[in-house]
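Start from chain Y and add chain F according to the hints.
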Amino acid sequence: MNLAELSVVLFAAAIVAGGLGSLLGLGGGFVIVPILTLVFHVDIQLAIGTSIVAVVATSAAGAARNVAGSLTNLRVAVFLAMATTVGAVTGAYLAGVVDASVLFALFGVVLCVSALQMLAKLRRAGPHRSPAAPAPEPSVAPAFASARSSDGAPPSEPAAWADRLELHSAYYDEASQEEVPYAVRNAGFGLGLMYLAGAISGLLGIGSGALKVPAMDLAMHLPMKVSTSTSNLLIGLTASASSLVYFARGDVDPLVAGPVALGMLLGAALGARVLRKMSSDKVRVLFVVVLLVVGAQMLWKGIG
Amino acid sequence: MTLSGSIGAAGARMPPLPGGVRAGTGRVLRIGVATSASLIVLGLAVLVARTPHVVLAHAVEQAHLAGRASFPHSLSSLAAGLRRLDGAAVVELGILVLLATPPAGLVAALVAFVQRGDRRFALFSAFVLAVIVGSAAVGLYLA
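Those protein sequence lines, which keep their order, are chains Y and F. In this text, residue positions in the first sequence follow my numbering: the first is 1, and each later residue adds one. In this text, residue positions in the second sequence follow my numbering: the first is 305, and each later residue adds one.
Chain Y extracted, bound-state conformation (with noise of 0.2 Å):
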């Protein structure tokens, strides 16, 4: 093979990997990072530093096409961000500290919990409907009393932080042809598990959005799609801090990651453009599925 053929290649496989990372609010470095190394035989750092610049370019092209929509709720981004920036270097400073074959072990059994509780969310909740506008509590912000969690519950108790911050918000769903409001919960509990992701994405030199959807699926409960767009943003923020490191070391070959980023800016404006079109529940599902391929993977290789 020469470079031609090789730039060829990669850039069809970056399609395909920015495609399910845009849809997915994933990086796409889970499917890159074994493509270079195992089929290629890249070397390790070039093949880190290549999937740095995937998880930006996935991102970028994600974002670009959904934050003047509705889907990614940008105040949510902004605020979270603040967590899993810290967070990222936090974890780049304890790398090398941390045995990182636990970690992979530990994050690798997280993200197959997380799965099956995303499933089981899925059965509990059934077909995503615009909810009915119930008498609003006195309690409760009035703008948002009628607007129920993504599993379809109504409001549990008033959300202090997120009222305050006016993170809640609605969108509007092209599967379905209804604009959805949703209620923003946990905020705090929110922004803690953003810490986590974004130590673990400088620990362990991988992106987050496996840990960010879920956290803000289960914990904070914005809608699945929301969720996965919303993650697309905050990674290319939480990598864009270690990515010119990566650059300035010489890890960032442009032969390699070029044909790589194309790809992947191509895959990711693909990728947004069928989120919009496709319903939640079948974006929860494929996510559930990766979920598990990647925390299989994970725990492969803090066991093995």
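Since the hints were made in silico from the structure, they are not lab data. Glycine is no exception: its CB is placed at the ideal position from the N, C-alpha and C atoms. Each hint should be verified, as a subset may be incorrect.
As the list claims (entries may be wrong) - Not everything, but these chain F residues come out facing chain Y in the computed CB check (under 10 Å):
hint, residue
1, VAL325
2, THR329
3, GLY336
4, PRO376
5, PHE431
6, VAL442
7, LEU444
Frame of chain Y, contents of chain F only:
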């Protein structure tokens, strides 16, 4: 409730969603993505046009996969490569633009939050930017 904000069923004023903030941020991200993609395509085209023997050589491919190839990865070597019209340097510039795109989008959000008088989220955005820039600066210093 509509995405542009409205009066709710109970007569309470719904807070408007930051449509202007979203549009501005989305525009910057789209510009960054388009510029990056264009530079990468241009760089690869220059490489093929000027050094076809490099692109078609198996040994060169092996060197790149093994991490033994040399290419610009500092600002000075990048500038020198661009002056020489080196295709690899143009691709690296495109990748740099891509890496700067998410923070650029956040800058757009910060500006829009300031213009709207949303001091809280302007502060949040500024904090995130400070962490990103600070950690990149420390990392570059240590690299």
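The hints, checked one at a time:
no. : hint   : verdict
1   : VAL325 : 6 Å, holds
2   : THR329 : 5 Å, holds
3   : GLY336 : 6 Å, holds
4   : PRO376 : 8 Å, holds
5   : PHE431 : 6 Å, holds
6   : VAL442 : 9 Å, holds
7   : LEU444 : 5 Å, holds
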